[in-house]
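K.L.:
If you want the building blocks of each chain, they are given just below.
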Amino acid sequence: MADRALLAGPHLSVVSAEPDAVLQGIAHAIGRVLTVDRPAALASALVHLAEVTACAPGTAGRTLDLIGHTRTADSLLSLGGWLVDAADPATVAVFRDLAERAVLRRLGIHALRLLGCHSAGTERGRDTIGRLADLLGVEVAGMRELLHVGHFGPGGFREAWSFLLVRASELHPPPAGPPGVPGPRVLELAALPAIARAAHPAGCPRRIADERATHRILALVRRAAGACMPGPPVPPSVELALALPFAASYHLAHVVLDGSFLRLYPDGAAHPGVLFPVDDRESLHRIIAGLPAAPDPPDPR
Amino acid sequence: MSKVTFYGLPAWVGAIHGPTVCEWWDHDPGQLSWDRSLLHRLDLAKTPTAVLAGQIPLAQVEVDDHATKGGRTTIGPLWPGGTMIGAVWVSETYLQANKLTAPSHEFQLIQYFDGEQQNRRFYGFQASVLQTQSQLSLVQLWHPGTGATAAAQPAGTWWLDLGASADPSAPPPSAGQPAPLYLDAKAASQLVTYDPKIPAAVGTLPFPAGPGA
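Sequence lines, in order, name chains A and B. Residues 12 to 312 in the numbering used here are what the first sequence lists, from first letter to last. Residues 335 to 547 in the numbering used here are what the second sequence lists, from first letter to last.
Keep in mind that the hints were calculated from the coordinates and are not lab data. Glycine included, each C-beta is placed from N, C-alpha and C at the ideal position. Some clues are possibly wrong.
Claimed, not checked - Partial pick of chain A residues on the chain B-facing surface, computed with a CB cut under 8 Å:
| id | residue |
| --- | --- |
| 1 | Glu156 |
| 2 | Ala171 |
| 3 | Phe174 |
| 4 | Leu175 |
| 5 | Pro193 |
| 6 | Pro195 |
| 7 | Ala236 |
| 8 | Ala238 |
| 9 | Cys239 |
| 10 | Pro241 |
| 11 | Gly242 |
| 12 | Leu268 |
| 13 | Ser271 |
| 14 | Phe272 |
| 15 | Leu286 |
| 16 | Pro288 |
Said to hold, decoys possible - Some but not every residue of chain A turned toward chain B, in silico, with C-beta under 8 Å:
| id | residue |
| --- | --- |
| 17 | Trp172 |
| 18 | Ser173 |
| 19 | Gly194 |
Stated by the list, open to error - Residues of chain B clear of chain A, computed beta-carbon distances all greater than 12 Å:
| id | residue |
| --- | --- |
| 20 | His361 |
| 21 | Leu372 |
| 22 | Pro391 |
Can you build the whole structure from these sequences, using the hints too?
P.N.:
Structure, rendered in structure tokens:
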């Protein structure tokens, strides 16, 4: 019954087992907590709970909250005499064991939170947060401010104070540069990569354009006005295999938005397509109507 | 149709009166001789979320939600422990009542509460429409807050359906001239990476997806 009560809410709260009035006050405010004082105690308690989880209700979206004082100049969270430090082999061993035995997954735990004052306030603390996230494969968070009993209520750490958390996912550096290119892309036929015709399930008519037809099609395109369009790719109405200037190679292109645009892949098929406006849709449709249908590509199986 | 325009200003908190109530300077207090008569009182609980939850009427909105709730404000949101220096995105009513100077369109956002645009929000950008084709426009955009900088490169160039993604109440930019463009949260979050730097000395923050995105 006590095990079921621990797993009744969205937070599984684990408090450092030590004779400390502040921690006892926090445990009292939460109501139902585990207390541990060393790595083995945490591991055995969680493994035991995972074994009873199969018959416990509501196992999804739970956090594992480790609550204790931070100690040392590096503000590392302590549970009894155990410093939760990812540079410490004993700490790594216990969390690796939990990961390998899928204990957190079986408990429905999607995040580990190191709830101690400034636990994310030092380089070593943030390093521990990042390393534990990598090790466990779940979000790990620490505190950027002081923590006190007022941050807790029945059931655990109160959601209203979650802005005080620093998450491992926030510690990654921002992207190095803007996602786009400053100006429009210019179409250079000679620079288009060859793209193999591959099977695709949705399907639209496919046509093959020889070198002459390719030149006629690309002459209809505003070559200096290429740009991506954000969001999911617009479905094509026709797929074209455009003959490239070197033998037996094609570049795939898609006719989109009723022939208003041709979507090309100058960065390769794995990258987003670039839309080039078509000046004369009627001519494009006429050229396409005269192109032979492409045979189905070989089945990759 | 109810909408509120929010203006992003730098904020230095100078007094705290409760978990969400503070007074703040809109300039570095060191440059204001710590003049307490220049403080502005603000309740960080008077947000669009509070309106949508029926907790306050629209006329009482003072500030956009905190960044952790999908908004753009970065001071607070609760004390003790809340952030003391950051951005505060105040409503037009609050701006006027406190005689604050409105920043440029790159530091503005528009939140709709009902009507056809209900719950949509539009972020201000510096943009230049280069040409149009069918329903799409070829648009150059600058990262928010950088468009007025002569040396700043555009963040990128995209084909956009402005009829679907731009604020219908704002005039569309004319071709070839850099001008304000208000893009909805979903489109904007697919295009730019960074939020405006407020105050200018702070580091960059990821662009918010927004509560309506």
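K.L.:
Look at each hint and say if it fits the structure.
P.N.:
Checked hints:
no., hint, in the structure
1, Glu156, "4 Å, holds"
2, Ala171, "6 Å, holds"
3, Phe174, "4 Å, holds"
4, Leu175, "5 Å, holds"
5, Pro193, "5 Å, holds"
6, Pro195, "5 Å, holds"
7, Ala236, "6 Å, holds"
8, Ala238, "5 Å, holds"
9, Cys239, "6 Å, holds"
10, Pro241, "4 Å, holds"
11, Gly242, "6 Å, holds"
12, Leu268, "6 Å, holds"
13, Ser271, "4 Å, holds"
14, Phe272, "7 Å, holds"
15, Leu286, "5 Å, holds"
16, Pro288, "4 Å, holds"
17, Trp172, "7 Å, holds"
18, Ser173, "7 Å, holds"
19, Gly194, "6 Å, holds"
20, His361, "25 Å, holds"
21, Leu372, "27 Å, holds"
22, Pro391, "23 Å, holds"
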